[in-house]
Structures are given as C-alpha cells and as structure tokens.
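Those sequence lines, one after another, are chains P and R.
If you count the first sequence from 1, you need to add 4 to reach my numbering.
If you count the second sequence from 1, you need to add 134 to reach my numbering.
These are calculated hints, taken from the structure and not from any lab test.
Be a bit skeptical, because a hint or two may be false.
Unchecked claim - Simulated pairs of lysine-lysine, DSSO-like, Cα-Cα distance not exceeding 27 Å:
no.	chain 1	residue 1	chain 2	residue 2
1	R	Lys203	P	Lys76
2	R	Lys265	P	Lys76
3	R	Lys278	P	Lys52
4	R	Lys184	P	Lys36
5	P	Lys71	R	Lys284
What the hints assert, rightly or not - A partial selection of chain P residues facing chain R, derived with a Cβ cut-off under 8 Å:
no.	residue
6	Gln49
7	Gln50
8	Asp59
9	Phe61
10	Asn64
11	Trp65
12	Thr67
13	Ser70
14	Lys71
15	Pro73
16	Val75
17	Lys76
18	Phe77
19	Phe79
C-beta: ideal position from N, C-alpha, C; glycine also.
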Amino acid sequence: MASSIRVRATSNGDITEVQTLIQHPMDTGLVKDAKGELIPAHYIQQLKFECNGKDVFVANWGTAVSKDPYVKFSFKGAKKGDDLKISWTDNKGGSDQTTAKIA
Amino acid sequence: MTTHTDPHPTRRLILQGAASVALLGLGNLPFAPALAAANDKYPEEAFKLKNEADAIKALFGKTAEPSDKVKLDAPEIAENGGVVPIAVATTLDKVSSISLFVAENPNALAASYKIPDGTMPAVANRLKMAKTSTVTAIVEADGKLYSATKEVKVTVGGCGG
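Next comes chain P alone, as it looks inside the complex (with noise of 0.2 Å):
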C-alpha cells in the first residue's frame, strides 16, 4: 500500500522546510453516517519528525485537526539528501511512517 504520508522538505541554505500531507480520515467520533448510527472516534495523535537522530518537531492532535491533515514548519542544521524520518500513530493503534530525503 502507498504510503498515507506525503511529504515535500526543501532545503533553503541552512533552513529546511518540511510541508506534509497524510492521507487519514480523523473522525471526531461526533457524526453520523448514512444510517444515523456515530462513526468513532479515530484520529491521529502524534506526529513525529526525526531528522539526524534528533525530534525535529512533534505535533500532538486532538479530533479538532481536518481530514487529511497538513501541516507546515521549518527547522535549521539539515543539508540537502538528510533523511527526514515521518511517523504517525492513531487513536486505533494505527500506525505508518516513511523517510523523505531533503531535497
């Protein structure tokens, strides 16, 4: 299966910026489906990346995050063709993760 993580981090001289896109439904466990009957609860809660060994930034979230979450940041030290290691894990237990070079 693809991966659920899209990535795109750019190096820019010293600083590296990291634009993420994960493909994941992040149901707030408050709305109803066709029948009427609640769709759980099931949304990501930390996201992680790790870059040379070091947590780069982390994003702990609640169901308030949309569907297919984005989210943007920047951070120093890196230098093109670093791996940026990507993990997520959900409320389910639901797990992915990938690398993306710095490009």
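Since the structure of chain P is already known, use the hints to place chain R on it.
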C-alpha cells in the same frame, strides 16, 4: 473484659502514618499536569476537556498573557468549518511549544506542537471548527506563556452538525 481498649497501640500509629503518607501523595498530584507540555507524552487528558480555560490549565498548569509577538493568521470568515487554515508564528526566543485552542469546539484543545531547539517557532495547519469561535494560539517561550486570539466566523460547521 473491655474489648474497647486497644491491645496494639502501635498498630494505630502505623495506620495513622500510612494515612498521612497517602495524603502527601495526593497533595503532589496537582503539580504533575504542569509538566505535560514539557515532555513527549501525548496529553490525553487535556484533549478531552471541553472548556478552553480547563484545557490550558491541564496542558500547562498556568495561564497565558496576550502578546503582540505572537502572530496568529486565520481567516475572518471560514466558509467551510471543516477546513480552516490557521498559521502561527512568533518572534519570541526559546520557544518550546505552540498550541491551538478553538473555544467553541466540543473539545477546546485542537493541536499542540513541540518545538525543539533549532526548529523555527512557526507552524501552519488546518483545523475543524464547529461554529463561529475565537481561536487562541499559545506560545510557550522560556517557561512563560504568550497568547494571541482571533475570531473566525464559520458559515458551515465542521463537526457534521
């Protein structure tokens, strides 16, 4: 024979001692949540709280002061409450976390980002908003909390209502 005289005076002392230890243990509890924002653990409790003030307290254990050094970029009007683009940036130094709260959502805390050393104190993301509400960004810098608040008008709610 009187059954009421205590044959084991030491036992009572021991029980009393145990009780006071238990009380001390309880006394320490309120200080534990203050550390929640500082460590890596997912702040489960803070995300469950409905009220914004309670969530801020659970996450940080203190309150924030408004600051013009925190820039909160959110639309005046969001046509779709399911996807509201919100960005936060700050010129403050020693930022360790950025958190976002939507006061009128079923659970006020929306997202909390840990900013390690070397990471820019800025983040952009998309949030769901149940209805028109204030959005508050809280930046934790050098152990203190700074906030910026903005009202976003929502025409169609994002919680399926």
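A quick look at each hint next to the structure:
1. Using a Cα cut-off of 27 Å, the hinted pair R:Lys203 and P:Lys76 holds, with the two alpha carbons roughly 20 Å apart.
2. For the suggested pair R:Lys265 and P:Lys76, the alpha carbons sit about 25 Å apart, so the restraint of at most 27 Å is met.
3. Between the alpha carbons of R:Lys278 and P:Lys52 the distance comes to roughly 24 Å, so the proposed pair stays at or under 27 Å and holds.
4. Under the criterion of a C-alpha separation no larger than 27 Å, the hint pairing R:Lys184 with P:Lys36 is consistent with the structure, at around 20 Å.
5. Among the hinted pairs, P:Lys71 with R:Lys284 is consistent with the structure: their alpha-carbon atoms are about 23 Å apart, no more than 27 Å.
6. Against a cut-off of 8 Å between C-beta atoms, the interface hint on P:Gln49 holds, since the closest Cβ of chain R lies about 5 Å away.
7. Against a cut-off of 8 Å between C-beta atoms, the interface hint on P:Gln50 holds, since the closest Cβ of chain R lies about 5 Å away.
8. Checking P:Asp59 against chain R by beta carbon gives a least distance of about 6 Å; that is within 8 Å, so the hint holds.
9. Contact between P:Phe61 and chain R, as hinted, is supported at the beta carbon level, the nearest pair being about 6 Å apart and thus within 8 Å.
10. For the restraint placing P:Asn64 at the interface with chain R, the shortest Cβ-Cβ distance is roughly 4 Å, inside the 8 Å limit, so the hint holds.
11. For P:Trp65, the interface hint holds, the least distance from its beta-carbon to any beta-carbon of chain R being 5 Å, beneath 8 Å.
12. Interface restraint check: P:Thr67 against chain R, minimum CB-CB distance 7 Å, threshold 8 Å, status holds.
13. Interface restraint check for P:Ser70: the shortest CB-CB distance to chain R comes to about 4 Å, inside 8 Å, so the restraint holds.
14. With a least beta-carbon distance of about 7 Å to chain R, the hint placing P:Lys71 at the interface is held under the 8 Å criterion.
15. Interface hint status for P:Pro73: upheld, as the beta-carbon distance to the closest one in chain R is roughly 7 Å, under 8 Å.
16. This hint holds: P:Val75 has a C-beta 5 Å from the nearest C-beta of chain R, less than the 8 Å allowed.
17. With its C-beta approaching chain R no nearer than about 4 Å, P:Lys76 sits inside the 8 Å limit, and its interface hint holds.
18. Taken as an interface hint, P:Phe77 checks out: its beta carbon lies about 5 Å from the nearest beta carbon of chain R, inside 8 Å.
19. Hint on P:Phe79 holds. Least Cβ distance to chain R is approximately 4 Å, under the 8 Å limit.
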